[in-house]
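Two chains, two frames, some hints: make the complex.
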Amino acid sequence: MHHIPGFNLASRRRFLEQAGLGCGSLALASLLHSEGVLANDSQGTNPLASTAPHFPAKAKQVIWLFQTGSPSQVDTFDYKPELQKRNGQQLAGADPKTGFFTTSGKCLKSPFKFKQYGQSGAWISEIFPHISQHADEIAFVYSCFSQSNNHTPAMLELNSGFIRQGFPSLGSWLTYGLGSENTNLPAYVVMHGKKPRGGDPVWSSGFLPSVYQATALDPRQATPINNLARPTELTDRQQRSLLDALQIANRRHARTRPFDRDLSARLESFELAYRMQVAAPEAFDVTRETAATQRAYGLDRNESKDYGRQCLIARRLIERGVRFVQVFADVAKTPGGGVNDVPWDAHSDISQNHGTCAASVDQPTGALLSDLKRRGLLQDTLVIYGGEFGRTSDSQGSKGRDHNPNAFTTWFAGGGIKGGVQYGASDEFGYKATENRVAAHDLHATILKLMGFDHERLTYRFNGRDFRLTDVAGEVVEELIA
Amino acid sequence: MKHRSILVSQLIVLWILFEGGVSTAADPTDKSGFDFFESKIRPVLVRHCYQCHSAKAAAGKMLKGGLQVDTREGLLRGGETGPALIPGQPEKSLLIAALKHDGLEMPPKTRLPASIVTDFEKWIHLGAPDPREGGAVVTAETDLAAGRQHWAFQPLATVAPPQLQENDWVRNDVDRFIRARQQTEGVTGNPRATPLTLLRRLHFNVVGLPPSPEEIQQFTRDAEQDFEAAYEAAVERLLASGHYGERWGRHWLDLVRFAESNGYAFDQDRANAFHYRDFVIRALNADMPYDQFVRLQLAGDLLADNNVATNAQARQTLDAVAATGFLVAGPFTTQQTQKERERSRYEQLDDIVHTLGTSLLGLTVGCARCHSHKYDPLPQNDYYRFVSCFKEVGFGDTGVNLQTEEFQAAKAAYDVAHAPLTAAQEKWEQDHLGERFAAWLADRPEQPPVPQLGVWHHAGPFTAADFNQAYDQDWGPEKNVDLKQTFQDEKLSWQPQPDWVDAKLHNTLQGENAANYLFRVIESPSPLSLALSLGADDAVKVWVNGQQVLAKKTMGAAKADQHKLNIPLKLGRNEVLLKIVNAGGGSAFYFSLAAGLPAKEVVAVFKLPNEKWTEKQSLLVRNWYRTTDSQWVALNTAVVEHQKSEPKPNLTQVYAARKKGTSYQFGSDTFKVYFLARGNADNKQGEAPAGFLRVLMSQGEDARQWLSPTETVVPPRVAAAEWLTDVKHGAGHLLARVIVNRLWHFHFGRGIVSTPSDFGTRGELPTHPQLLDWLARELIRGEWKLKPIHRLILTSQTWMQASGHLAESEQRDPENRLWWRRGARRLDAELIRDTLLEVSGRLDRRMFGKGSLDQKMSRRSVYLTVKRGQLIPILQLFDAPDAMQGVGQRNQSTVAPQALAMLNSPFVRELAGHFAKRIRPDAETSLEAVVDTAYRIALSRAPAPQERDAMRVFIENQITTRDGQEEATQMAIRDFCQLLFCCNEFIYVD
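Going down the list, the sequences are from chains A and B.
Going by the working numbering, the first sequence opens with residue 1, and the numbers climb by one from there.
Going by the working numbering, the second sequence opens with residue 1, and the numbers climb by one from there.
If we strip away everything but chain B, and leave its shape as in the complex, we get (with noise of 0.2 Å):
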């Protein structure tokens, strides 16, 4: 049935083709014309079309494709990828190919019958008469000025701290503001909430560790004289403390998803990804200015200083740019298709500027991608044009010598020893090399001299017992050669090898775990520096007239290039041994000459007399001879000699964006951006030029403020960063909007915007938008400072309150939208762990360097290496993100799985038995006195008596139970251990 009707259709065309030859006249208003279409076409189109390309859809903004087919206007006009039809020429109209799936698939899912296919052929070809009237629907250009509108786009407002009545619960500026609310909402906070608690809370929060008993005791004694000064001391001791930047740094680390692999099937390491984690808490612990923080993470490659003096000033480079991490931290796939490199290139971009947009603007940018936003006033061209910003974005390591002072030092020192060497050299060339040149010229040999390489010898194979053995062992002719000599009674003796080309593999050689010996003489005209290429399978050893010159081990393949080396020849005749080792397998050898002949330009001139010799050529000959004179040779070999003690950079390799580096290749497009059609690749629509988002321009502004007219001057990516962190005129207002919110949620559980990541129409609005804009405020007018936000929400009334609940605030705000009072909050994976570890006494506190993909190793959780594939699973368990995409605000779950990490795993029962042991010193401590000590440690307070007493309960039926048992006791505190680890207070912070 099929193959029938996909013939009838061609048979169909034809007819169309020729017949339609000579009905070309079609009046496309031609009343037969108006019945065709009413019969055939305006029924498929109503059924199978409108639904997506009409006006009603347009209304009901489903209109797909900015394609309207209910009008006559709307098919010509067309949509997003041109017009629908061109009247009489079928073969070119869009719609066609669209309904034959070619390209195109319309509908999306089902292909009509060939039969509909042929009628709308037929239809356009009479010129595609249609009688409705009316205009297509312009869809519209997203309405900049009034997106401009919306709250979050508007300038930071000016705004004063609420002057109020009464001051009881206001402890500084902010609370004025939710005071104010409360007041008119007629809700009342909490009062403080106990030093303790404040106390635990307040290093929850900033350092995610819990007090120390001796940091408690000082705390409790301090604040008993003198509250507030106790207070803000510890205040400050914590924001100063490097603990800060690792706690907070983590939450920047969710925001970027970074991670340490590539992700995907093979999930490749990123070996040198760690460094842009450690920029991170570097610069939070240094409080680096929160714009500066931004424009190195968008630029800091290219805005590093490269010329470096000191040490300090290297480590600002490497800083600038391992924060570049930012934008390459996205999954990339080594495994590709070529099909497929294209399409993932922008899917990378994509994933550039969708994290950016998200953690940096609260926007999803990314949603512009393949049609202007729906909600946000983000057109499709904005976004190519701010992807154009990253074309030339790629990812590799890039070095950066943190020794500079050192390599510098050393550096002089050696230029200083080096001077008079090739002072020597050049003083002697002016002195002598003339006169010995043309004494030698008065006289010189017809060719050009070279090196006679004599017949290879072979003896072997030399069998040890293993192949170290094989390699170190002299089996005879490494002091000296006598090709008469036998070894081994005389079972092995020197072969001649004429056969033995050079510059060929040869795979001849026998033994495992075995030595062989290559030998042969070359008769050199002159003293000489000869280049060789070898190769050896596995290892191989050179002697040069007796010197050893070389000793390599290379497991794996023999082939060409393996050691380049270059051996001196004196004059005469001069003696090569080779030693090859193999281990097991074939054993094979590579030997040539790379260099030390003449080069065939030389070979040439010499045919020619002296007397036409031009000067460039007397010059390439005079080049070549003092390479052959004993004199020059001499001072030259002290050069080559002492160049190879020159001091190396000792370079760190840093993870980073690097331009045009490691990306998905596709040829010349592969570092351009194109603007597509609904996203799509295949359909491109000219190059994108560099440019942002509009709605973040002030009215009337120009991306050509922030850009240069050529990009050399000032590279797209960094006129993107000043953009972003210009107040006045660019998006630097939301910058700061978005950041003191996410301070805000990250202190309260909740921000002033409960979407943190989404500053758009679609997200909630502020609950207190004018103390968001005073904040932000705050924030530019402290340059950018992020630590005195932090310490004006952790000294306000409303951060320190207590969780009481009090009824009649409940009954009018039972969301606590006002804040009137603290919850408990969970601590994040990270703490979670780290606090196990710091109570047993386990936690080892080195900051930096290089992480671990082992969840029982001691050092902070945010030194666990993020590799995609492999998650940590504890810090999974309790909802770690997997880093494929930014999140500004984890999931918390409660499921079984966390309890039965608690009560069963390994590493937390480890843990408890150190802890079981650090309670418990030894055998005399007393129960009571072990518990007192346990909840001081594990939840920074003493317990009631009737906790002690159950506790101390609780310990007896344990040991009962393992009666008579060794450690009975012991194992009884361990439990007893696990059980307060496994305490709601132990991770839900007051």
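Just chain A, with the same shape it has in the complex (with noise of 0.2 Å):
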């Protein structure tokens, strides 16, 4: 029937579609195969083993950093002298009905200044005084929109390509793509303070296997992976002797059970279990860092700390070989609009909310990329920033603004970035994607692009359909990769 030549995620996927017989759960047979466990098993059987995408890839890894409740293009990265000169005036070809509420379809001017950085020149605001250092390293995309005015379909659109809850997140279609390269940790963490507004479907595997579903963890918990400490009772010796007669009684069941592969499997996972009670705790522990380093992420910052411990983390947990980590920015106050889980949504004011809100952002996520790149991880590691739509530039009220599906900028820096570049383009009000426009499907598809995927070919049979993250859509960006 339908297969893909010459791919091994068809095998992947044969061996999937056969879950039912039981043979879902060789989940670790490979995985034991790298650690000489299982030494003559099959390759290609693990759905958590390291695999090669469809082409060399750009990048191996990606930090994703979610900017939820959106904020505005117009007051961050997409300076419009125009909207400044008209401040007050009528905008031409207003909509009042863009957003959530409705907005008076006057011009309001950003309440920030705006400077030119880097040899590329790029206009940023001057609320990111960090960020814009980097400006030769990123690319810009100012011309992009999605399909909701409304912030849940919205977050799902742009993490899982569909505006309707059940289908499986980017980072679910990588980790399935491309599997995990440390086995003591999960291949796809999230962070989030508060969960964002559309709560775990925004992180969903959907109908993919659940192996490639999110850790998804609060870090400012002290525990933040569940049953991740042992009991309190328990001594670790005690717990080691257990899984020793564990293992015994587990091989001697598995001795008259030699074909049914998914027993061993799981006679591993006790181990990696074990490891991982030891290693998580240790991705997670920032202190383990210098006070250098703490302090250059902003962990001694009231506004900064939490998003700025999320940073760190995440590039703690790149650096042990976790393919796929997603920082839904967790900023310690939300005035002028914003709500705890959606931060940037600043209805009332857009001063105070993207003062305080960058406030929180700006300096870790400078820092990140200075880190990842002094450490040698930025060219492996592709960085994404945005949310998940703009803002109008019209007002709402006085000072604030309302969503704007039409018009929002994202950018990229890192793994197979072309840094410098601008592309697309939104109108001289910064209200509507005009040039090159791009979609969360286009997003996408340049993500997988880099990560080494043709979209069109990363496919999952659910339900009689191959899905794809693109659904029937979606063009690479190839203006943004290097």
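Derived by calculation from the structure, the hints in this document are not laboratory data.
Among the clues, some could well be false.
[Unchecked claim] Pairwise CB distance ranges (calculated):
{"#": "1", "chain 1": "B", "residue 1": "Asn680", "chain 2": "A", "residue 2": "Gln133", "range": "40 to 48 Å"}
{"#": "2", "chain 1": "B", "residue 1": "Gly964", "chain 2": "A", "residue 2": "Arg275", "range": "30 to 38 Å"}
{"#": "3", "chain 1": "A", "residue 1": "Glu82", "chain 2": "B", "residue 2": "Tyr50", "range": "32 to 40 Å"}
{"#": "4", "chain 1": "B", "residue 1": "Asp466", "chain 2": "A", "residue 2": "Asn87", "range": "52 to 60 Å"}
[What the hints assert, rightly or not] Within a straight-line C-alpha distance of at most 30 Å, the following computed BS3-like cross-link-like pairs (lysine-lysine) qualify:
{"#": "5", "chain 1": "B", "residue 1": "Lys339", "chain 2": "A", "residue 2": "Lys432"}
{"#": "6", "chain 1": "A", "residue 1": "Lys195", "chain 2": "B", "residue 2": "Lys856"}
{"#": "7", "chain 1": "A", "residue 1": "Lys97", "chain 2": "B", "residue 2": "Lys92"}
{"#": "8", "chain 1": "A", "residue 1": "Lys97", "chain 2": "B", "residue 2": "Lys109"}
{"#": "9", "chain 1": "A", "residue 1": "Lys418", "chain 2": "B", "residue 2": "Lys109"}
[Said to hold, decoys possible] Just some of the chain A residues that point at chain B, by a computed CB distance under 8 Å:
{"#": "10", "residue": "Val211"}
{"#": "11", "residue": "Leu228"}
{"#": "12", "residue": "Pro231"}
{"#": "13", "residue": "Leu263"}
{"#": "14", "residue": "Ser269"}
{"#": "15", "residue": "Thr459"}
{"#": "16", "residue": "Asn463"}
Fair warning: this is a prediction, and the values are worked out from it, not measured in the lab.
From the three backbone atoms N, C-alpha and C, an ideal C-beta is built for every residue, glycine too.
Rendered as structure tokens:
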């Protein structure tokens, strides 16, 4: 029937199709192979084994810094002198029902000053003194748009390509396509403060096997991963001897069932769990970093410490081989319309809201880029920064901006990205993306390309249909790729 | 730069408009026109459009939108959205709109430069000269006749089980089909598994719980005497168990994306959605015929009998209504902007037919939403017609009275008691009203007398220690009001409040945790029932003439109509006392007459002389008059008072489908379905009439066979249910194939068709097509009852065989497609949790009713609430679905977080503690006995001697590590219990 010639996803999928037969949990078989436990087992049967993509990848890992609530393009990276000039005047072609509420139809100029940075001369708002230092490493896409003017569906679209719940997120697709580089840590980690609007479905593995689901956690918690801590009444030695006895019992059971390979896979999953108890807390422990590093990420400042911790952990996870790290910006205070689960949602006061949010995210974001670069990680790590839609160029109330799905800016840096690129454009007021419009499907197609995939060939059969992250659309924005 | 190019294009358009006016004589075959085409138009079409809009694209099944631009005819004919161009009229040509990304966007990603758009405008204006020849490929109408040739759409074959030369391996007819193929392929099946293996397998498969030590003992004893009888008895016992419905109902709930909340950001609960789960369990346990099971889920609300006499019938009605939870189990988002609603409504309808298609028919109907199905013979029109059957479906709670017998008895008793009261009133009206009205009329006042409301007097605030004290305590006036009285050492007294007008909210009261009294006199011209509307912040009591008539607490701000009551007034002076009690914040009250005053019509009639009154006016006044007649008022009060005791039905609310119930509302089109070009709600192409999938109607059949000319006689949803279950002419044959395959799938871990939710051309072919059709026919022959099919499977050698590896069979059929062995199968998430509870002696076997979100609750997992935004962690870990889309085949993963949960979760640790207590009830029990009991309970077998020794040593070691600790032995045994929980044998069943 349908198969993908020359691509090992086919065998992976074939094996997943047989999941009902009980082979599905060969999950760890080749993990064991890589550790010499099952030396003769065949490759390509472990859904989490690290696998090669369709063609050589430009990036191997991803950090997505998601700015939930939607930053305004015209107050951050998409400078519009015309809007500044026409403050208070009627915005031609304004649709007051563009957003969630009703807007005035009158131009609202940005309260922030813009300057050009770097060789590339990108215009960047004064609220980003740190990010702007990286202007020449960044590729800006000024012409993003999304389908919905409502947070939850837009969050779903940006993350899974569909405005409905139930579809796998980019992180799950990549984990499905590439597997994991670290057997002691999850392949796909999501960090949030308060869960962003849309909640768990935003990083769902949808119909993909749950092996590809995100491990979502709040890094402010003492034990961010469920069940990671050994019960207090059990010593390490007691647990170790429990596991030793378990291995004996399981091996005895498996001896008479040599062909039920998932039995041995499960046997090893307990050993992995045992190791994770040590490895995961270590990865999340930012106190192992030098004081200087912690300061660089803004951990010493109240406004940036939460997001700074997220960024610093992201780097630690990338260092340890985690495939996909997604950060939903945890912002200390959200005045001007934002609330905890949509911090950038500046309905009532752009200046106050964006000023405060930027004070949280700017320094850690800049520090992350510098740190990744210094450690040689940036060349293989794709960094993505953006929200789920943009904001209106006309005002909501006197000082706020409503949702605007018709234009927003997303930027990329790191693995495979051509620095200094300024792609696409919105109109002279930043109200609608006009040139080289880029939909979520196009962003996804581009990210997949960077990671080595042809987005049309990364498919999964569910309920009789071969699903793609990009549905039936998606075009790669080649101009971003180095 | 950008601004200038826009300006230039505008100029060119202007130029075309003006210049064009004089050159309309353009000849489309003019040579210069062709030159223009060749230099400016063709290269663009080739470069940007042919990939999706050409004969080549059509040949490669890549043609988009049915539009072909590689011939002149193709452009003129156009695609799904109409002709691409109208020669001479660029402003009316879709092609131009598309190039401008105005409505349509072509090419989809990049907007071509304005100069190219201008070229196209000019070219169309010239009459679109185009030398290219050739017809447009007609996008093939889905060929239904050819489509019906696909095996799954064919009628059920009449097949007899194969006759075999040697029948050693064969236990029943199922095995004949299996064995025949095995023989042909030179494969040998396994012998029957051991009795204890079978008992454990049987228990988990049928009821999802392990056999108890007593059941094991009984079965072992019986099997030694007569295995066949013992086995059959066990099969019957388990199929008759209520736990069967819980186990198999969970499979069904997977298929229909069952959940008890809306999903999305606010994830509102559907508190009464659990009735659907109970319906499924009940129906399966009662072995409801599957066709009926399906009919109810599609249209139970319309098919249910609403005039029920008995409680049993009421239960049936409730189940029928609850069954439609199938239609409305999908996600729903409450936060919607106006722009999203219509699109969301089509999403909602798609969710319904998509779920219906995959779960019942194994067809991806939803794929025909934007275009005719790529692989299966499902034209797009069929999709919208089928969707139209569900166009009026919304959701909501429906009330059903399950105590209908009690209610009817109480109602009958009430009616008996009530009749004399109304009779007395009627009799009085017949005997006396006319005469008394005439007497009154003879000397009637000029104006209808109205009650006179006196000025409010206020006393307060009376501050208390807390709210309840303020509310409960009589601060002086409650027995008797004396306006001269003072309170609280003369600090408080009655104050007249002439400004406190009625029908207005007064925010003037003071005090927290305080009471305020309000008093007024009402002079009534007659006995009267006066209707009041009151509001109070936060509580109110009312006395009329010293009688308390109301006492209510309402937290929250005061407003009109918070309390409505009728107060009885006597002729003359009446005293009304209000007590307003405030907890915190501001305190307010509201007082207004709602009724009791003569209607303005009555007042108007009063102004006319009696003799000018029409009969109707006279009647109007008479009806008003009687409310002032003390005799009538007394009789009427008796009726009204008694009415208060009228029994009310005790309605059980059920979340279900409701005609025009809750949905995404966007005006008059809300409950209509249109054909949508490319699935886009902005591109409607006429309203879609109800209809079904034509590939599942026998040749020559018409949907009208099931539908009635008017929807009121047979609602389309009912017709759809009939079509679905119609074996002869409708979809019944496929319905039967899909369900027997699902039973097989759940019994064996793989279906005869290994893609149980895809029987389309992209699904796998059946490994044993004849067996599948034979089983489907058996199902229909047995009146669609499922238990006989279970019985056939459970008593087959195919199912009962062992898991041994036979070298030759392995070599010839490594994938076991011929069913020559049985493999170990992991328990589903719910069963792992249930078994942990059962083994620990904690399982609470109560069935039905509201569920719980607490994963530690002790009932079976099927009673855990499925809240989309708060899935149960331990179930999620072991691959329970997320309830967003139907799932026919769960994924199965083995990941470290599962092991972490088994090792470290407080829930598992706690259960291990309970298990430890169960197997070592007292300190006298030897460790060997502890190990033996534990194995029997947890693994349904005795430990081998080496195992017993190893485990005893383990326990002893664990005791040593806790040297000197109290309870060291118990803790060590608990470690051992947890070890058993972690064993593969615990969750893999042979």
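Comparing the hints with the structure gives:
The beta-carbon spacing between Asn680(B) and Gln133(A), approximately 45 Å, falls within the hinted interval of 40 to 48 Å. At roughly 31 Å, the beta carbons of Gly964(B) and Arg275(A) sit within the given window of 30 to 38 Å. The hinted window of 32 to 40 Å between Glu82(A) and Tyr50(B) holds, with their beta carbons roughly 38 Å apart. In this structure the supplied range 52 to 60 Å holds for Asp466(B) paired with Asn87(A), their Cβ-Cβ distance being about 56 Å.
With a C-alpha separation of about 17 Å, the suggested pairing of Lys339(B) with Lys432(A) holds against the 30 Å cut-off. Distance hint between Lys195(A) and Lys856(B) is fulfilled; the C-alpha atoms sit about 24 Å from each other, no more than 30 Å. A hinted pair counts as satisfied when its Cα atoms are at most 30 Å apart, and Lys97(A) with Lys92(B) qualifies at roughly 28 Å. For the given pair, Lys97(A) sits about 25 Å from Lys109(B) by alpha-carbon distance, which is consistent with the 30 Å threshold.
For the hint linking Lys418(A) to Lys109(B), the alpha-carbon distance of about 21 Å falls within 30 Å, and the restraint holds. The interface hint given for Val211(A) holds, since its Cβ lies 4 Å from the closest Cβ of chain B, which is under the 8 Å cut-off. Interface hint at Leu228(A): satisfied, since its Cβ lies 6 Å from the closest Cβ of chain B, which is below the 8 Å cut-off. Taking 8 Å as the C-beta cut-off, the interface hint given for Pro231(A) holds, the closest approach to chain B being about 5 Å.
With 8 Å as the threshold, the beta carbon of Leu263(A) comes within range of chain B, its nearest partner Cβ sitting at about 5 Å, so the hint holds. A hinted interface residue such as Ser269(A) counts as satisfied when its beta carbon comes closer than 8 Å to some beta carbon of chain B; here the least separation is about 5 Å, so the hint holds. The beta carbon of Thr459(A) is not positioned within 8 Å of any beta carbon in chain B (closest approach about 12 Å), and the interface hint is therefore violated. Hint on Asn463(A) holds. Least Cβ distance to chain B is approximately 5 Å, under the 8 Å limit.
In this structure, the one hint that does not hold is number 15.
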